[in-house]
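**Q** Single-letter residue listing:
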Amino acid sequence: MSIPSTIPAFPRMLEDESIYIMREVAAQFERPALLFSGGKDSITLVRLAQKAFWPGKIPFPLLHVDTGHNFPETIEFRDWLVKETGAELIVRYVQDSINSGKVKEETGKYASRNVLQTVTLLDAIEEFKFDACIGGARRDEEKARAKERIFSVRDDFGQWDPKKQRPELFDMLNGRINIGENVRVFPISNWTELDVWTYIKEENMAIPSIYYTHKREVIERDGMIWPNSPYLNTSEEEIPFEEIVRFRTVGDMTCTAAVASTANNIDDIIREILSAKISERGARMDDKRSEAAMEQRKKEGYF
Amino acid sequence: MDIVRIATAGSVDDGKSTLIGRLLFETNSITADKLEAIERASKRRGVDYIDLSLLTDGLIAEREQGITIDVANIYFSTPSRKYIIADTPGHFEYTRNMITGASNAQVAVILIDARNGIVEQTHRHFYITQLLRIPYVVVCINKMDLVNYAQKQYESIKEQFNDLFEKANYKEQQLQFIPASSLYGDNISTKSTQMDWYKGPVLLEFLEGIEWHSLENQFPPRFPVQYVIRPKSEQWHDFRGFAGKLASGLLKKGDAVVALPSMQESTIENIYRFEEAIDQAESGDSVVITLSSEIDLSRGDMLVKKDHLPAPMKELSAQVCWLDHTPLKPGKNYLLQHGSNRVKAKVTNLFSSINIVDYQTIEGVEEIGLNEIGYVSIKTARPVLADTYASNKRNGAFILIDEGTNSTVGVGFIG
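Just so you know, the protein sequences line up as chains A and B, in that order.
First residue of the first sequence: 67, per this note's numbering; consecutive thereafter.
First residue of the second sequence: 11, per this note's numbering; consecutive thereafter.
If you're looking for bench data, these hints aren't it; they were derived computationally from the structure.
Just to be clear, a hint being listed does not mean it is correct.
[What the hints assert, rightly or not] Okay, derived cross-link-like pairs now, EDC-like style, lysine to aspartate or glutamate, Cα gap no bigger than 20 Å in a straight line:
no.: 1; chain 1: B; residue 1: 354; chain 2: B; residue 2: 373
no.: 2; chain 1: B; residue 1: 262; chain 2: A; residue 2: 82
no.: 3; chain 1: A; residue 1: 117; chain 2: B; residue 2: 325
no.: 4; chain 1: A; residue 1: 267; chain 2: B; residue 2: 12
no.: 5; chain 1: A; residue 1: 229; chain 2: B; residue 2: 412
no.: 6; chain 1: A; residue 1: 230; chain 2: B; residue 2: 103
no.: 7; chain 1: B; residue 1: 315; chain 2: B; residue 2: 285
no.: 8; chain 1: A; residue 1: 170; chain 2: A; residue 2: 189
no.: 9; chain 1: A; residue 1: 267; chain 2: B; residue 2: 289
no.: 10; chain 1: A; residue 1: 195; chain 2: A; residue 2: 96
no.: 11; chain 1: A; residue 1: 267; chain 2: B; residue 2: 286
no.: 12; chain 1: A; residue 1: 230; chain 2: B; residue 2: 412
no.: 13; chain 1: B; residue 1: 262; chain 2: B; residue 2: 292
no.: 14; chain 1: A; residue 1: 117; chain 2: B; residue 2: 103
no.: 15; chain 1: A; residue 1: 230; chain 2: B; residue 2: 334
no.: 16; chain 1: B; residue 1: 242; chain 2: A; residue 2: 154
no.: 17; chain 1: A; residue 1: 117; chain 2: B; residue 2: 285
no.: 18; chain 1: A; residue 1: 123; chain 2: B; residue 2: 286
no.: 19; chain 1: A; residue 1: 123; chain 2: A; residue 2: 150
no.: 20; chain 1: A; residue 1: 117; chain 2: B; residue 2: 289
no.: 21; chain 1: B; residue 1: 181; chain 2: B; residue 2: 221
no.: 22; chain 1: B; residue 1: 44; chain 2: A; residue 2: 338
no.: 23; chain 1: B; residue 1: 315; chain 2: B; residue 2: 279
no.: 24; chain 1: B; residue 1: 242; chain 2: B; residue 2: 306
no.: 25; chain 1: A; residue 1: 229; chain 2: B; residue 2: 285
no.: 26; chain 1: A; residue 1: 123; chain 2: B; residue 2: 244
no.: 27; chain 1: A; residue 1: 230; chain 2: B; residue 2: 413
no.: 28; chain 1: A; residue 1: 123; chain 2: B; residue 2: 285
no.: 29; chain 1: B; residue 1: 44; chain 2: A; residue 2: 288
no.: 30; chain 1: A; residue 1: 123; chain 2: B; residue 2: 206
no.: 31; chain 1: B; residue 1: 342; chain 2: B; residue 2: 325
no.: 32; chain 1: A; residue 1: 229; chain 2: B; residue 2: 103
no.: 33; chain 1: A; residue 1: 149; chain 2: B; residue 2: 325
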């Protein structure tokens, strides 16, 4: 396939819808929080919240569940963004959940803290009595997500029950909940990966440097390129080497694969996506565990 | 760049999944790894073709039973438009999912198997497009390959369908009949070489030509207030902005407006889209409006124009589709949500229900069960600032919430 030369426009109606959802959250809930991971989707959420409440400040805090396995560039960016927007930031650490014995570190070649962070998140929800958590999940990412509502009610244990979802008609959102329940809210449900990127372009948004091409020490595993880090359990055959790469999606260093790329600006990134043959979550080891990996994790409280 | 929302309904047998798969393939909207995953899953299930329903049937229970339970959202785009397909199961038990998925659609695709013609399911799907007043309906007469691409078969089904349309209320609805074979890609994105007798547009071509946004601008303006922005900062000390998404019509800077329900009058001082002050907001725009005078206005209230007032009502009649396992019974209290306005409501009367296959009304019913549709009257504690659904669909629907379970149990169309 040839690389398309024109970059599509961002459909503005998507922004209207997302801003509407942000305002519904602020109006319908007492203690909402925005789940911030440092990836492009949650950066987009911060931008939308900023626009929804201007000239007021974002009326809820950002909550970052820090796995301790983040890319340092992501943390650096997070702190810069908080300063820039004047938003309030709350950080809770997976390491604390490990230290207190609530969760156990995974072992083996594919060990990651991706699943562990659910416990830290649920604890933070309880600690701050958050009744709504805004997340950057998109329906195009994965087929279980394609079925999730914009206001997704979770029980006391943060669990999602796909059979008990509330119908969402027109644009009316029902955020009424019982004591102990909370709602996960997905304002960019209807955005695709391409929409996020064209939005970043048109809004001139800053993003962490790891989305752009750079030289990095990597290893090869299962036909993919993985960033080498102290957190990755490597075998003797997996010899680190340097490669020119970038990241298309940003999760933990242990479960986010890189792509060989020389894209050093947004236009090139968009062109790369337009011609890509592998979907975004194809670079996420956490989803490949089984056909129903995402649905299982969601039922257990994953965002 | 516009977004067009499409509703599709039907079972695997109609070739619906194949049709959607076609649209995705032919617009380059499906990636190699997703396709491979479906291929792997198809093999595991022991089928020797690529079962595209696995693409949309995302829940474990659905894959186990080979059925679609819920609404799936599927995305594809062309250089000029973004499309969102709300794909729902076609069986009667999932009428509520169909109404949910189709509530935002500008176009519905009704699939008919060319061998079978109009079946019970077709009646139901068409009824729902009429109830929701979906402006465009594509009647896709599929599997033409199995009837030797015979024009006679197509014409006969078209005639049957037109008879159905004769009896319908919403006559402004535009029908487009397309003979197709989704399996072989006839008339989906490219013109079929097998059916030279068909001179109309192919499916994708028709979708690309749909015009809907300007239609909604022609309705009277309705601005439901969602949230009041009061920064109380030094720079914006006296700022009081009303945030909302314009449901219908146009509003301009300088327009004389009336606040409902207080009936206080004012003028639009500014319309903001983030930092930018704009001259005009169109239907669907999320904006912040400031007024030239201090008036009583908060969430749930509405800004309108004086010469186009809705009739605030505390008693309304409506067609209700029931979404919950516990049936609707007259005398029960619910919460009624209309836009951002939520009020206590009581169902005072239940007049009749309707059989959505033969369109006959059934008198003397005592309750409306899951997936059923009935005519009711409702009394509310505070006025609802609505129009009839037929006169302005963006301001004429509501949902009912059960105060005990907090579930969304019904959807109503004000008549």
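**Q** For every hint, state whether the structure bears it out.
**A** Hints versus structure:
For the hint pairing residue 354(B) with residue 373(B), the CA-to-CA distance comes to about 27 Å; that exceeds 20 Å, so the pair is violated. Under the criterion of a C-alpha separation no larger than 20 Å, the hint pairing residue 262(B) with residue 82(A) is consistent with the structure, at around 18 Å. Pair hint residue 117(A) plus residue 325(B) does not hold up; C-alpha atoms about 38 Å apart against a cutoff of 20 Å. Between residue 267(A) and residue 12(B) the alpha-carbon distance is near 18 Å, which keeps this suggested pair within the 20 Å criterion.
Of the supplied pair hints, the one linking residue 229(A) and residue 412(B) holds, its CA atoms being roughly 18 Å apart against a limit of 20 Å. For the proposed pair residue 230(A) and residue 103(B), the alpha carbon gap of about 15 Å is at most 20 Å, so the pair holds. As the CA atoms of residue 315(B) and residue 285(B) are separated by approximately 25 Å, the hinted pair breaks the 20 Å bound. Pair hint residue 170(A) plus residue 189(A) holds up; C-alpha atoms about 15 Å apart against a cutoff of 20 Å.
Taken as a hint, the residue 267(A) and residue 289(B) pair is broken in the structure, with Cα atoms around 25 Å apart against an allowance of 20 Å. Distance hint between residue 195(A) and residue 96(A) is fulfilled; the C-alpha atoms sit about 9 Å from each other, no more than 20 Å. For the proposed pair residue 267(A) and residue 286(B), the alpha carbon gap of about 18 Å is at most 20 Å, so the pair holds. Taking the CA atoms of residue 230(A) and residue 412(B), the gap is near 14 Å; set against the 20 Å cutoff, the hint holds.
Between the alpha carbons of residue 262(B) and residue 292(B) the distance comes to roughly 9 Å, so the proposed pair stays at or under 20 Å and holds. For the hint linking residue 117(A) to residue 103(B), the alpha-carbon distance of about 41 Å lies beyond 20 Å, and the restraint is violated. Proposed proximity of residue 230(A) and residue 334(B) is supported: the alpha carbons are some 10 Å apart, at most 20 Å. For the proposed pair residue 242(B) and residue 154(A), the alpha carbon gap of about 17 Å is at most 20 Å, so the pair holds.
With a C-alpha separation of about 8 Å, the suggested pairing of residue 117(A) with residue 285(B) holds against the 20 Å cut-off. A threshold of 20 Å between alpha carbons decides the hint, and for residue 123(A) with residue 286(B) the separation of about 17 Å falls inside it, so the pair holds. For a cut-off of 20 Å, the pair hint linking residue 123(A) to residue 150(A) stands: about 12 Å separates their Cα positions. Distance restraint check for residue 117(A) and residue 289(B): the Cα-Cα separation of roughly 18 Å lies within the 20 Å cut-off, and the hinted pair is therefore satisfied.
Restraint check for residue 181(B) and residue 221(B): satisfied, since their Cα atoms lie roughly 17 Å apart, inside the 20 Å limit. The suggested pairing of residue 44(B) with residue 338(A) holds, with an alpha-carbon distance near 18 Å, which does not exceed 20 Å. Note on residue 315(B) and residue 279(B): the hinted pairing holds, with a Cα-Cα distance of about 14 Å set against a maximum of 20 Å. For the hint pairing residue 242(B) with residue 306(B), the CA-to-CA distance comes to about 18 Å; that is within 20 Å, so the pair holds.
For the hint linking residue 229(A) to residue 285(B), the alpha-carbon distance of about 42 Å lies beyond 20 Å, and the restraint is violated. In summary, the hint linking residue 123(A) to residue 244(B) is supported, as the alpha carbons are separated by about 13 Å, within the 20 Å threshold. About 16 Å separates the Cα atoms of residue 230(A) and residue 413(B), which keeps this hinted pair within 20 Å; it holds. Between residue 123(A) and residue 285(B) the CA atoms are separated by roughly 13 Å; this keeps the pair inside 20 Å, and the hint holds.
Straight-line distance between C-alpha atoms of residue 44(B) and residue 288(A) comes to about 17 Å, which keeps the hinted pair within the 20 Å bound. Pair hint residue 123(A) plus residue 206(B) does not hold up; C-alpha atoms about 61 Å apart against a cutoff of 20 Å. The suggested pairing of residue 342(B) with residue 325(B) holds, with an alpha-carbon distance near 15 Å, which does not exceed 20 Å. At roughly 14 Å between alpha-carbon atoms, residue 229(A) and residue 103(B) fall within 20 Å of each other, so this suggested pair holds.
The straight-line distance between the Cα atoms of residue 149(A) and residue 325(B) is roughly 51 Å, outside the 20 Å bound, and the hint therefore fails.
In terms of the numbered hints stated before, the structure departs from hints 1, 3, 7, 9, 14, 25, 30, 33, listed from lowest to highest.
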